[in-house]
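Listed here are the chains, written in short residue letters.
There are 2 protein chains.
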Amino acid sequence: MARYSPSIQDLINRLGALPGIGAKSATRVALHILNMPEEDAKGLSDSIINARKNTFRCSVCQNLTDSDPCPICSDPSRDKTTVCVVESPRDILTMERIHEYKGLYHVLHGVYDPAGGKAIADITLNQLIERLTLHPEINEVIMATNPTIEGNATALYVSRLLSNSGIKITRLASGLPLGSELEFSNDYTLTSAFKGRVDITS
Amino acid sequence: MARYSPSIQDLINRLGALPGIGAKSATRVALHILNMPEEDAKGLSDSIINARKNTFRCSVCQNLTDSDPCPICSDPSRDKTTVCVVESPRDILTMERIHEYKGLYHVLHGVYDPAGGKAIADITLNQLIERLTLHPEINEVIMATNPTIEGNATALYVSRLLSNSGIKITRLASGLPLGSELEFSNDYTLTSAFKGRVDITS
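Chains F and U supply the protein sequences, listed in that same order. Just so you know, this note's numbering puts 84 at position 69 of the first sequence, and the rest follows in order with no gaps. Just so you know, this note's numbering puts 31 at position 16 of the second sequence, and the rest follows in order with no gaps.
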């Protein structure tokens with residue numbers, strides 16, 4: 016016997032299917048929604064539809080946007096010669112947070128992950144290649160995919176794909192996080208830090 | 016009023032002053048020791064004295080050892096041309112764990128940390144300089160101090176000190192730990208990974 020009426024249970028189920036919302040949270044949120052003033056609930060419902068309707072991929076960088084080109088692509092102050100390739104729109108926010116990078120972005124919407132069912136055609140790699148062809152002013156592609164097996168494989172794939180393009184391909188450094196201690200690092204990270212050791216001879 | 020007799024309380028206090036042993040653990044350990052067979056307790060007590068008596072710093076690398084030179088320094092299969100400089104003997108175990116490094120070590124027994132009361136003279140930096148002078152075959156010094164403010168400062172200090180020596184000074188790479196995600200990295204680490212991005216043009 017269901018504890019809640021079918022329409023409430025449906026709301027709980029749909030909320031609970033969202034990332035980071037467990038069964039208990041879903042129930043709490045659902046009951047909160049049922050107690051909201053009518054217009055707030057309507058507003059929430061509409062905003063889901065509107066966000067979907069008004070959001071699309073920037074024709075240049077593939078980031079989610081409600082104007083095309085997106086604000087970053089159309090910002091005249093950004094450096095048009097570098098493109099930072101990230102997995103998801105969230106990663107753009109992360110990169111912007113450090114206030115170091117002034118160039119443009121390209122959102123892959125995933126990484127090459129055959130085991131996870133993501134083929135090359137499922138990410139926006141063709142759009143990246145096309146963009147690089149259309150914009151010869153781009154002279155560096157920074158591969159900022161996550162330092163996971165799939166992220167590294169995707170970076171390597173792009174590097175090989177563009178090997179004859181004359182474009183410099185770089186990768187965010189992997190190694191020991193700042194403030195960490197050798198003793199508590201995992202072996203893969205320490206191996207990577209050792210192999211990628213940098214010359215500091217002054 | 017003390018709960019335990021003075022000699023028990025003294026044992027608890029001394030155990031509790033060890034790193035990672037809290038008041039409750041100290042009491043539990045102390046009572047365990049009191050319940051041990053006589054010879055085990057004697058053995059523990061003696062081993063503390065013996066470990067202290069028979070352990071000293073290797074005259075070459077300053078690692079704690081009971082033979083001089085230590086097993087690593089006297090191992091003919093190790094590469095004598097590189098020295099990996101670490102903060103503590105524990106870090107040697109960590110580096111050995113990755114099975115990548117085949118050279119020698121130098122243990123600083125700390126880092127240059129004026130705020131923490133560690134001056135240059137308190138670490139074994141002079142011994143390192145002397146060693147490099149005595150062993151011209153050493154052509155690379157890998158600074159594997161922790162990627163903390165003090166560890167980085169110490170690496171930089173050594174790099175400047177040896178700037179005219181012809182010896183290559185390298186530093187373990189700092190950056191994103193393998194398997195991590197950009198989104199959850201801290202800003203300093205991401206900045207370091209960005210600034211230290213490596214060329215993967217193929």
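No lab work stands behind these hints, which were simulated from the structure alone. Any given hint could turn out to be false.
The list treats identical chains as one, so a pair stands whether inside a single copy or across any two.
Unchecked claim - Below are the DSS-like pairs computed for lysine-lysine, each with C-alpha atoms no more than 25 Å apart in a straight line:
(1) K95 / K117
(2) K57 / K210
(3) K210 / K183
(4) K117 / K210
### Message
Regarding K117 and K210, is the shortest C-alpha distance of 25 Å or less found within a copy, between copies, in both, or in neither?
### Response
For K117 and K210, only the inter-copy Cα distance (13 Å) is at most 25 Å; the intra-copy one is 29 Å.
### Query
What label fits K210 with K183 when the C-alpha limit is 25 Å: within, between, both, or neither?
both (21 Å within a copy, 15 Å between copies)
### Task
Classify it for me, K57 with K210: is the Cα-Cα distance of at most 25 Å met within a copy, between copies, both or neither?
Close neither inside one copy (56 Å) nor across copies (47 Å); limit 25 Å.
### Task
Please work out whether the CA atoms of K95 and K117 approach to 25 Å or closer within one copy, between two copies, in both situations, or in neither?
within (9 Å within a copy, 45 Å between copies)
Checked against the numbered hints above, the structure breaks only hint 2 and satisfies the rest.
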